Every structure is written in C-alpha cells, then in structure tokens.
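Produce the complete structure using the sequences and hints provided.
Residue numbers (the working numbering): 1 to 425.
It cannot be assumed that every hint is accurate.
Taking CB as the label site, the calculated pair distances span [unchecked claim]:
#1 Asp135 - Gly191: 19 to 25 Å
#2 Asp275 - Asp137: 32 to 38 Å
#3 Asp275 - Thr94: 42 to 48 Å
#4 Ser324 - Glu283: 37 to 43 Å
#5 Asp21 - Ala92: 27 to 33 Å
#6 Lys102 - Asp137: 22 to 28 Å
#7 Leu386 - Pro186: 38 to 44 Å
#8 Gly284 - Lys58: 31 to 37 Å
#9 Leu386 - Lys173: 29 to 35 Å
#10 Arg350 - Asp135: 50 to 56 Å
Derived by calculation from the structure, the hints in this document are not laboratory data.
Remember, it's a predicted structure, so these values are computed and weren't measured experimentally.
Note that beta-carbon positions come from the ideal geometry of N, C-alpha and C, so glycine has one too.
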Amino acid sequence: MDMPTDMPRAHEDYASLVQDDRVHTSLYKDPAIFDEEMERIFKNTWVWVAHASEVPGKNTFKKSFVGKQPVIVTRDKEEKIHVLLNRCRHRAATVCEKKAGKTSVFVCPYHGWSYNLDGKLRSVPHASVYGEGFDKDEFPLVSLRTEQYNGMIFATFRDDIEPLEDFLGSAKKWIDLFMKQGAGYPVKTLGEHQFRFPGNWKIQLENTTDAYHFPIVHKTFLDSLDAETGNVFDVLGRGGWVEDLGHGHSVMVMMPELVDLEENLEAPIPERFADLAEELRGEGYSDHEVRRIVRAVGGGGFNLNLFPNVACSMAFFRVLRPVSVDETEIRHIAIGMDGGPEAGNRMRMRLHEHFQGPMGFGSPDDAEGWERVQRGSAAGDDLWILVNRGQAPIIGHAAGDHVTDVSAETGMRAAYQEWKRMMSA
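This is the structure in structure tokens:
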C-alpha cells in the first residue's frame with residue numbers, strides 16, 4: 001500500500017520501495033518522497049550545473065539549479081569557476097535574473113547589496129546603519145564545492161564528498177569518447193531547447209537508457225529518414241549493450257561502430273553528408289579533417305547517463321531539473337566545435353532541430369510518453385513499475401546480443417539501486 005504522505009518514513013521504508021527488478025509506483029507520485037529526494041540525493045551528491053563553454057571568459061555567468069535550489073555558475077576575473085547560491089544574504093532576493101551574460105558584479109535590486117563573481121560581498125549602501133560590528137566579510141554569497149571533468153562542471157553542497165573523478169569512475173572513459181564530437185576542437189554548446197512535462201524526474205531518467213521504445217515511439221522520425229540514415233538508426237539487431245558504471249551511472253550503446261568516432265575514418269562518407277564534405281573540401285580542409293569533422297557531426301552511438309541529472313546523449317546534453325513530484329524541466333543542449341567550421345556546426349543544429357526541436361520528430365513523442373506514464377501511475381495503489389527486462393548481468397559487448405535484449409533495463413536498475421542507497425543512508 002502507499003504510505004501516508006503526511007508521515008515521515010524510516011530509512012528502511014525507502015529501501016523497501018526498490019527491489020532488484022521493480023520499483024514502487026509511489027516513487028513517481030508521493031510528494032513526501034520527492035521532498036526527501038531533494039535533501040538526500042540532490043544535496044548529497046555531485047550535480048551537473050553547466051558546460052565550461054557556457055561561461056567562456058572572464059566575468060561570465062549563467063544561471064542553473066542544484067535540485068530545486070537556484071545557483072549562478074560564474075567565471076571570475078581570475079578565470080576561476082564558482083557555483084553560488086542565487087540569494088542575497090540580506091533579505092533573500094535573487095541577485096541574478098538574466099539567463100547568462102557578462103558582468104563584474106551582481107547587484108541585489110531590492111536593497112543594493114552587491115557581490116563579486118567569486119561571491120564576496122562587495123558593497124552595502126549605508127553599511128553603518130546595519131549595526132555596530134557589521135562585517136561584510138561574514139556575508140558572501142554561499143559558495144558550493146565545484147569541480148570539473150573534461151569541460152563538465154559539477155557542484156555539491158557537501159565538502160566531505162569524494163572527489164568528482166572518483167564519483168564519475170568508469171563513466172570518465174565514456175565522457176572522453178563523447179567529447180570526441182569536437183573533431184579535434186574543444187566542444188562547445190551551440191543552443192538548446194527547453195520544455196517541461198507533467199511527470200516525475202525519474203521517468204525521464206529511465207528513458208535515456210531505454211532503447212527499445214525507439215522504433216515504437218519514434219516511428220514518425222524513422223519514417224522521415226532516407227534508407228541509408230534509417231539503417232543507421234536501426235538499433236535492433238546490430239549489437240549493443242547497457243552497462244552499469246557504478247554510482248547510478250550507466251551507458252547504453254546502440255551503435256557499437258560509432259562508440260569511438262576516430263576509428264575507421266576510411267569508411268565511406270554517408271550520402272546525407274556528401275554536400276557538407278564537399279563544402280569543407282572547398283574551404284581547404286584536408287581529406288582526414290573532412291572525414292573527422294563529418295563523423296563528429298553525425299554524433300556518437302551511445303547514451304551516457306550520469307546520476308542524477310544529466311546525460312551525454314548521442315549528440316547533445318540532456319539535463320533534467322526536478323520542479324515538483326509531477327513536473328520536470330528538460331533542457332536539450334546541442335554541442336558543436338569551438339573554432340571548427342561553421343558549416344559543421346550549422347549541420348549539427350539542423351540535425352538537432354530535426355529530432356529535439358519543438359517541431360521535430362523526437363521530443364514531442366517522448367514527452368507524450370512520459371506524461372502518460374505519470375497519468376497511469378495514478379491508477380492503482382499497491383502496484384509496481386517493472387525494470388526486469390534483460391536481467392542477465394553483462395559487462396561490455398556480448399556477440400549476438402543487442403541493446404534491447406540481454407541488458408536492456410540495466411541502466412534503470414543501476415539508477416534505482418543508487419537511489420535506494422542514498423535514500424536509505
């Protein structure tokens with residue numbers, strides 16, 4: 001039975017909601033569980049907040065979130081990265097409302113307190129009236145512990161947590177492979193689509209490691225492709241696997257031949273990229289450079305899920321933000337080549353729009369599926385969500401298997417076991 005939402009749960013109660021092959025439906029719809037997730041998970045682990053290219057130079061910033069808490073990611077005048085709570089230390093007003101930009105100071109619009117990009121309280125109008133002994137040094141913006149890996153910026157409320165690289169563990173290899181989409185150039189963000197859907201954040205977390213919905217949910221997308229491209233996206237019967245990487249992270253390999261984009265560059269250039277290749281040759285790029293760029297433009301062959309809130313998904317970052325127990329915000333961030341050919345980045349954006357855009361073939365269909373899961377979770381009280389497909393453990397690629405078979409829901413089980421660990425700690 002669903003437990004009353006007005007009563008606190010014991011740690012063992014949370015543990016009972018996740019079994020080896022299923023999770024209780026209350027994880028989708030209990031507001032008390034959601035509130036505890038914000039405390040036990042999002043305030044107690046590393047959370048992705050930005051890509052380094054989003055704060056590209058001195059005195060740049062962008063807004064972000066850690067769970068439900070608004071933060072500002074900054075690069076100060078010394079080019080050091082900070083993640084600061086977006087809250088004036090005086091009366092709690094936000095000090096930044098602009099999505100991103102460049103500035104040397106944040107000024108609270110309510111009473112004029114101002115802060116440097118490292119969070120230090122810079123100036124207080126009429127400081128003497130705040131009482132004898134008032135010391136500005138005691139009231140900086142709250143700064144979170146911040147670390148980076150290969151351009152990915154993470155923050156945590158905990159000072160005693162393990163280093164980011166230890167938290168990422170086996171996922172680091174896959175991050176490095178994903179970043180080969182820079183084709184030798186640094187990876188940068190190009191643009192994004194943002195939307196909300198009426199459903200729990202874990203529904204989307206599951207979707208990133210769910211390959212077997214693709215030919216069903218995304219049939220219109222597959223129908224929109226030419227035969228050559230459609231063959232590329234035929235994720236059934238071409239090998240592949242899902243692997244538990246620890247700490248709730250997982251990787252789903254759908255196209256094994258596109259795991260390492262710098263392998264087999266001698267393969268024929270796909271017809272859909274023939275015009276791009278010709279344009280690059282006309283701009284003076286060598287044959288090797290053309291092949292490397294074209295391969296990168298097409299994207300990788302895997303989805304990497306990093307618990308709890310970000311995925312490196314084929315050719316873009318997918319970032320989730322929990323809003324409430326039944327509402328989640330999604331950002332799909334296109335990536336490209338910083339300093340690379342404009343033609344390549346332009347093609348990346350067109351491909352992104354084709355699937356992820358509001359008029360594209362992918363995101364609207366996905367969002368409808370997620371919404372229907374949330375609506376369906378209201379039916380029945382003592383029911384379970386099954387994540388039992390492909391329970392045989394697998395490490396690496398098994399010949400003859402494919403991504404929807406032997407290890408299909410491994411990534412979901414990995415995430416929920418981490419959920420169970422953190423909620424029971």
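Structure-based check of each hint:
{"no.": "1", "hint": "Asp135 - Gly191: 19 to 25 Å", "in the structure": "violated, 44 Å"}
{"no.": "2", "hint": "Asp275 - Asp137: 32 to 38 Å", "in the structure": "violated, 60 Å"}
{"no.": "3", "hint": "Asp275 - Thr94: 42 to 48 Å", "in the structure": "holds, 46 Å"}
{"no.": "4", "hint": "Ser324 - Glu283: 37 to 43 Å", "in the structure": "violated, 49 Å"}
{"no.": "5", "hint": "Asp21 - Ala92: 27 to 33 Å", "in the structure": "violated, 45 Å"}
{"no.": "6", "hint": "Lys102 - Asp137: 22 to 28 Å", "in the structure": "holds, 26 Å"}
{"no.": "7", "hint": "Leu386 - Pro186: 38 to 44 Å", "in the structure": "holds, 42 Å"}
{"no.": "8", "hint": "Gly284 - Lys58: 31 to 37 Å", "in the structure": "holds, 32 Å"}
{"no.": "9", "hint": "Leu386 - Lys173: 29 to 35 Å", "in the structure": "holds, 30 Å"}
{"no.": "10", "hint": "Arg350 - Asp135: 50 to 56 Å", "in the structure": "holds, 55 Å"}
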